[in-house]
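Undergrad: What follows is each chain in one-letter form.
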Amino acid sequence: MSLHGIRTIAVLELRQRMRTSRWPVVLGIWFLIIGAVAGLTWWAVHDQAGDRGTTLYDVVLFFVLGLGMLVVPSLTATSINGDREQGVLATLQTTLLTSADIVVGKLLAAWAISLAFLLAASPFLVWAWIAGGVEVGRMLLAVTVLAFVLAVICALGLMFSALTARTISSAVLTYLSVAAFTFGTVIAFLISMPIMATQQSVRVKVVSDAFYQQTQPGIASQTQPGIPSQTQPAIPEGKLSAEPTAADCVYVNRDQTILHTERTWWLLALNPFVVVADAAPSHKPLKYLGFEPLQMISDGARTARMGTTPDSLNECWPETQPTAVVAGRSAPLQDQQLQDQKQQDQQVQQEQLVQNIQRERLNKVPAVWPYGFGFLGLIGAGTIWVAVRRLRTPIRRLPRGTRIA
Amino acid sequence: MDAAAGIEVTGVRRAFGSVLAVDHIDLQARPGEVTALVGPNGAGKTTLLLMLGTLLAPDNGSIRIAGIDPVAAPREVRATMGWMPDGFGTWDALTVREVLETVGAAYRIAPTAARARAGELLELVHLGDLADRPARVLSRGQKQRLGLARALVHKPSILLLDEPASGLDPRSRIELRDILRQLAASGATLLVSSHILTELQEIADRAVIVARGRSVAMQDLSSASSDQGSRQRVSHWRITSLDPPRLMAALVHHGVATQPLTDAVDVEVAGDVAASELLAVLVGDGIPITAFAPSYGALETAYLAATEDRQ
Ligand SMILES: Nc1ncnc2c1ncn2[C@@H]1O[C@H](COP(=O)(O)OP(=O)(O)O)[C@@H](O)[C@H]1O
Ligand SMILES: [Mg+2]
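If you read the protein sequences in the order shown, they are chains A and B.
Here the first sequence stands for residues 1 to 405, numbered as in the numbering used here.
Here the second sequence stands for residues 1 to 311, numbered as in the numbering used here.
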């Protein structure tokens, strides 16, 4: 392998692509689609309070990755067997170029075109940055990881095009494996959940029975088994003669189904979307302005990695959902409108507090993406190795149905 | 590297799964000569050339190209070997000149030198006026000529040409012959394949006949060669006359070894000088001669015999 050889191939590939194919048109359509998505997102969030840039950034990057995974495989999936069909591969193989020169040169050319697609989407990321809420460092890390994912997809396509004789087979195999990484990992994770689930006795923190018996003899016990925490009845506003405090929390043992996602979260880590989404999470309060796909994916993956913890078994809402104290609450209320306003403020702050607690929990979970990044790196290196081996000449074993020239 | 070694193939065999493409081929191609590889379709010529061209490893037997084993040291072989495939695929979007420059880069020739070489070669194969057209629009024969130029970019001393004459018009064929003779005269080793006998008769010094993956005969075609030594050798000529009985009588009278055919007669003389003397004598005798040409009767017979049993 030599720099000169790699450059020769990369220049040849790029020159061919520039002249023959519809890449300028595809690039234009790509720009319009991403632009439309960004415009719609902005239209949806522009009048909201908070960091509108994060939503814009999330949606744009999500679409760039999603559309990129549709476009990028076509850059390499027919590259080697297509050349063989055209009868131009063997003439290169009899020159001083090595098989590594050919494979790496083709990979670099395809990757350069993928980066052109990223570049075409960058104005919208800059827009998101101007709109506020996204740090430059976070953005750069996510874009770098995204570029890496695209390189791995390029390498995958190259391998299949080196392995199969027919271009249609390699194209199908490449798209199938991209789909396997995207959907297969999620499906495998979902299937793994009931398989890994166990019925076991766990220690749950709840509001003590004693508290309810003292204050509301009429209300059924909250510690009865089988009542999931989500269905906890809301606090009847103003009806309580006394509100429970953290001091009223007690531990009880309860038989419960536990999903052991902490054993299978790595399935999610192999997903390119998770890798990109989790590379640079915002660590912001758990508050979605609207559709923030990357943040949601990252939170989901880290929640899975966290699994069942004492924190997640804490159902004592005075601890997990502390009541916000709104300043000036005790002041006499002037009129109905002001009263409504106060109530709304209180609710917002209440939500904020709860989200902060959940965010703190998630922030304690180690990042998920390095595993996927490493895994994709191995895939990339492995596929390049296979492709280089497959192009090595003189050939001893020729795959069935291929002619060299 | 030993440029004087040419090509040496002994007992080479290659199968693709259950298809035995090359069974047992022995051949030798010497520097300064054009060696023809003749055989019907499917005889295994392309497969043999792929093995010589460092693309395919033989199952058995040994190959030496300029004294180097292409399996053990393909790179060294590639540096001195030019290969022209029988397919004429080329990069669609590049111009004719760019194709040659790209191949030059692949042989690590500096850009300026590659550009100069491309210009030279385009003149040689008469594609100069098409130099800046896309390679895609070339006709089949023009693509063949571009293929030849591509094989010559790095001035190889060993040339492997797979059916170079197919698709060429008569004029291009004569030009091809001149180019190949020129290369041979400069000391290169040329191995040229074809399934059409007449394509190679004027080009080659010797022919190897291949059938069903086996080399069945090696024939000397020295009358086609213009070097001094061959002029002394026995050569075969075919004479046609308006009056065959008188021709036969005259030949017998002058004591020439003859082999009568239906509409002509083959004679055996000692070299080119003797042949021209014989022609002068016959014309002097007033015999109406319409054709006096080198005969490839022996090669033809061998070729037909070797390929008789094909399906
Ligand atoms: N890659 C291959 N796989 C299977 N069979 C092949 C392959 N290449 C050549 N053959 C077979 O080997 C035989 C010789 O082919 P080839 O060398 O191309 O003949 P030629 O060039 O003399 O016409 C043919 O029968 C052909 O079908
Ligand atoms: Mg052939």
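These aren't lab readings, by the way, just hints derived from the structure by calculation.
It is possible that some hints are incorrect.
What the hints assert, rightly or not - Residues of chain A clear of chain B, computed beta-carbon distances all greater than 12 Å:
id: 1; residue: Ser2
id: 2; residue: Thr95
id: 3; residue: Leu96
id: 4; residue: Gly137
id: 5; residue: Leu190
id: 6; residue: Gln346
To be verified - Derived coverage of chain A by chain B (criterion: at least 3 residues anywhere in the stretch with Cβ under 8 Å from a Cβ of chain B; other residues may be distant):
id: 7; stretch: 86-93
id: 8; stretch: 394-403
Note that beta-carbon positions come from the ideal geometry of N, C-alpha and C, so glycine has one too.
Undergrad: Can you name, in rising order, the numbers of the hints this structure does not satisfy?
TA: Hints 1, 2 and 3 not satisfied by this model.
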